[in-house]
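Guided by the hints, dock chain B onto chain A, whose structure is given.
Chain residues, written in single-letter form:
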Amino acid sequence: MMETPTITLREQKVVRDRTKWKMIFLGALALAVLFVAAFAPFLTPYDPYAQDLAIALQPPDAAHLLGTDRYGRDMLSRVIMGSRSTIFAALLLVMVITVVGGMVGIICGWYGGKLDAFLMRVSDIFLAFPGMVFAIAVASVMSGGILNAVVALACISWSKYARIARSQVLAIKSAPYMAAAKLSGSGTGKMIWKHIVPNIAGPVVVTAVLDIGTMIMEIAGLSFLGLGATPPTAEWGSMMSNGRSMLQTSPWVVLSPGCAIFLTVMIFNLAGDTVRDVLDPRQQKR
Amino acid sequence: MEKLLEAKEIRKTFYKGKIPFTAVDGVSFSMERGECLGLVGESGCGKSTIARILTRLIEPDAGSVLLHGREVLQLKGKEKRMLYHEVQMVFQTPQDSFDPRRSLGDGIMESLRNRGMNRAKAKERLYELLDMVELDREFASRYPHEVSGGQCQRAAIARALAPGPRLIICDEATSALDVTVQAQILKLLQKLQREQGMSLLLICHDLALVQLLCDQVLVMYKGRIEERGAPDEVICRPQKEYTRILVNSVF
Numbered sequence: 001m002m003e004t005p006t007i008t009l010r011e012q013k014v015v016r017d018r019t020k021w022k023m024i025f026l027g028a029l030a031l032a033v034l035f036v037a038a039f040a041p042f043l044t045p046y047d048p049y050a051q052d053l054a055i056a057l058q059p060p061d062a063a064h065l066l067g068t069d070r071y072g073r074d075m076l077s078r079v080i081m082g083s084r085s086t087i088f089a090a091l092l093l094v095m096v097i098t099v100v101g102g103m104v105g106i107i108c109g110w111y112g113g114k115l116d117a118f119l120m121r122v123s124d125i126f127l128a129f130p131g132m133v134f135a136i137a138v139a140s141v142m143s144g145g146i147l148n149a150v151v152a153l154a155c156i157s158w159s160k161y162a163r164i165a166r167s168q169v170l171a172i173k174s175a176p177y178m179a180a181a182k183l184s185g186s187g188t189g190k191m192i193w194k195h196i197v198p199n200i201a202g203p204v205v206v207t208a209v210l211d212i213g214t215m216i217m218e219i220a221g222l223s224f225l226g227l228g229a230t231p232p233t234a235e236w237g238s239m240m241s242n243g244r245s246m247l248q249t250s251p252w253v254v255l256s257p258g259c260a261i262f263l264t265v266m267i268f269n270l271a272g273d274t275v276r277d278v279l280d281p282r283q284q285k286r
Numbered sequence: 001m002e003k004l005l006e007a008k009e010i011r012k013t014f015y016k017g018k019i020p021f022t023a024v025d026g027v028s029f030s031m032e033r034g035e036c037l038g039l040v041g042e043s044g045c046g047k048s049t050i051a052r053i054l055t056r057l058i059e060p061d062a063g064s065v066l067l068h069g070r071e072v073l074q075l076k077g078k079e080k081r082m083l084y085h086e087v088q089m090v091f092q093t094p095q096d097s098f099d100p101r102r103s104l105g106d107g108i109m110e111s112l113r114n115r116g117m118n119r120a121k122a123k124e125r126l127y128e129l130l131d132m133v134e135l136d137r138e139f140a141s142r143y144p145h146e147v148s149g150g151q152c153q154r155a156a157i158a159r160a161l162a163p164g165p166r167l168i169i170c171d172e173a174t175s176a177l178d179v180t181v182q183a184q185i186l187k188l189l190q191k192l193q194r195e196q197g198m199s200l201l202l203i204c205h206d207l208a209l210v211q212l213l214c215d216q217v218l219v220m221y222k223g224r225i226e227e228r229g230a231p232d233e234v235i236c237r238p239q240k241e242y243t244r245i246l247v248n249s250v251f
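Which chain is which? The protein sequence lines are A and B, in order.
Residues 1 to 286 in our numbering are what the first sequence lists, from first letter to last.
Residues 1 to 251 in our numbering are what the second sequence lists, from first letter to last.
Please note that a few of the clues may not be correct.
Computed footprint of chain A on chain B; a stretch qualifies when at least three of its residues, placed anywhere within it, have a C-beta under 8 Å from a C-beta of chain A [what the hints assert, rightly or not]: (1) 90-102; (2) 110-124.
Derived PhoX-like pairs (lysine-lysine); straight-line CA-CA distance at most 25 Å [as the list claims (entries may be wrong)]: (3) A:Lys173 / B:Lys123; (4) B:Lys18 / A:Lys190; (5) A:Lys194 / B:Lys76; (6) A:Lys190 / B:Lys76.
If you're looking for bench data, these hints aren't it; they were derived computationally from the structure.
Owing to the predicted nature of the structure, the values given are computational and were not obtained by experimental measurement.
Positions of the beta carbon are idealized from the N, C-alpha and C atoms, including for glycine.
For reference, chain A alone in the conformation it holds in the complex (with noise of 0.2 Å):
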């Protein structure tokens, strides 16, 4: 037997204080991370790129917070550069599949029918498809580089925001709200862009954030098999990749991009648990 929590005001208020609290902790550390991307070539202590084999394979000191990899390059330098590549490309990927994927489902849901089917199906087909398994096909098609390994991901990802778009559409296309604004003379574009587009906006959004994370992972993952980012550009994907037969030796080199791949995951994950909280306190745990 499940007993009825019962919550009184004061509680509701103490959730609702932390709620908020943990969003704006949150939200700076997201901002944080986007703000050292954004300006990466100005923070770095040491040129990136720059190499000298005469202090390669260094551990952790005072000149190199993170060691140096086996060419000589500053670490601290090189996870900051690659903050820039994984997660701009992290980020590109997941409004490429939000509008497209987003689209695909309100064109599904207003006209049903036919097409919808025949959408629907294609989504099927990639839902049911392992995602990692066809992006690694559709990247080594298209060869290198992290722009293919953002379509290659984006190929296999929009089938998801297609799905909850069209369902958020189906529910919301009958609401006597829609037959009103039809009565108020609007056409479809502007049904779709002024009622349908705000009202299904929330659960799309909520998606989109907590699958930030997500895709670092699988474009960091992309990159360590090759697929992604191409030496010499820092990516932390990469940067793992090349220092992997070091782990025993020379620890640090695979260490720190792995640690920033944890951290930024780790704090794109949370802050979009809390964006859920606040937009839909209705699926909050208690």
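Leaving out everything else, chain B in the frame of chain A:
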């Protein structure tokens, strides 16, 4: 009297899977200008379907609807949108009939803006409309969840009045409201109908209400019109068996 609306032999069948359900089965009626016509019947008898066909929210399988002698069902694109200058509707659930993400004022102004009226002019007209439905002007910036059902329904009436229609269809416009608010909304509708000289098609299941407001009443049963007449006639001397049952169940 001038004939405003004439519906002829309207038919509509819905399919639930493969099982057909005839919601409207050959309904014909006409309305005069300035008339208040009641449409009563039990739920599922096809009242709302008629409202939705007259406003082109759904398409009938057969039949014709003439507004000022012009066929409504053939209108397409821009002409179809022009129809909504003439015919407007007030819905059953006031809160759901406004977009939750937009203010009541935006909802009321939507039809004005769609006709190309600029923002300042539309706002002027919005205040006029709010005065007409006896709502404070500050309601323009409120959201549907911030106002009561009665206030929201007043705003919905203002929205229906905005394009200056000849006919307003009220689809159970008062059944979601409590009794005292119902009376206020009905009085308001009656007042506006007289002032603006428009026609009202009042769809409801409350016979007493129809008796109070309507010039004529249509009784619908299982997709057909059973009876038409003055409300007092219909209620005091029902001609058909179903009407008798309906009347007896209320009074």
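Worksheet entry | Proposed proximity, A:Lys190 with B:Lys18 (alpha carbon, max 25 Å) | violated (34 Å)
Worksheet entry | Restraint status (C-alpha distance of A:Lys194 to B:Lys76 at most 25 Å) | Roughly 22 Å separates the two Cα atoms, so the pair holds.
Worksheet entry | Within 8 Å of chain A's CB atoms, at least three CB atoms from the stretch 90-102 of chain B: coverage verdict | It holds, with 10 qualifying residues against the three required.
Fill in: Given pair status - B:Lys76, A:Lys190, alpha carbons within 25 Å
holds (17 Å)
Practice prompt. Three residues minimum, CB to CB under 8 Å: does the stretch 110-124 of chain B make the cut for coverage by chain A? Let me know.
Written response: holds (count 4)
Worksheet item: Keeping to a limit of 25 Å between CA atoms, is the pair of A:Lys173 and B:Lys123 held or broken?
Response: violated (28 Å)
Of the numbered hints stated above, those contradicted by the structure are hints 3, 4, listed in ascending order.
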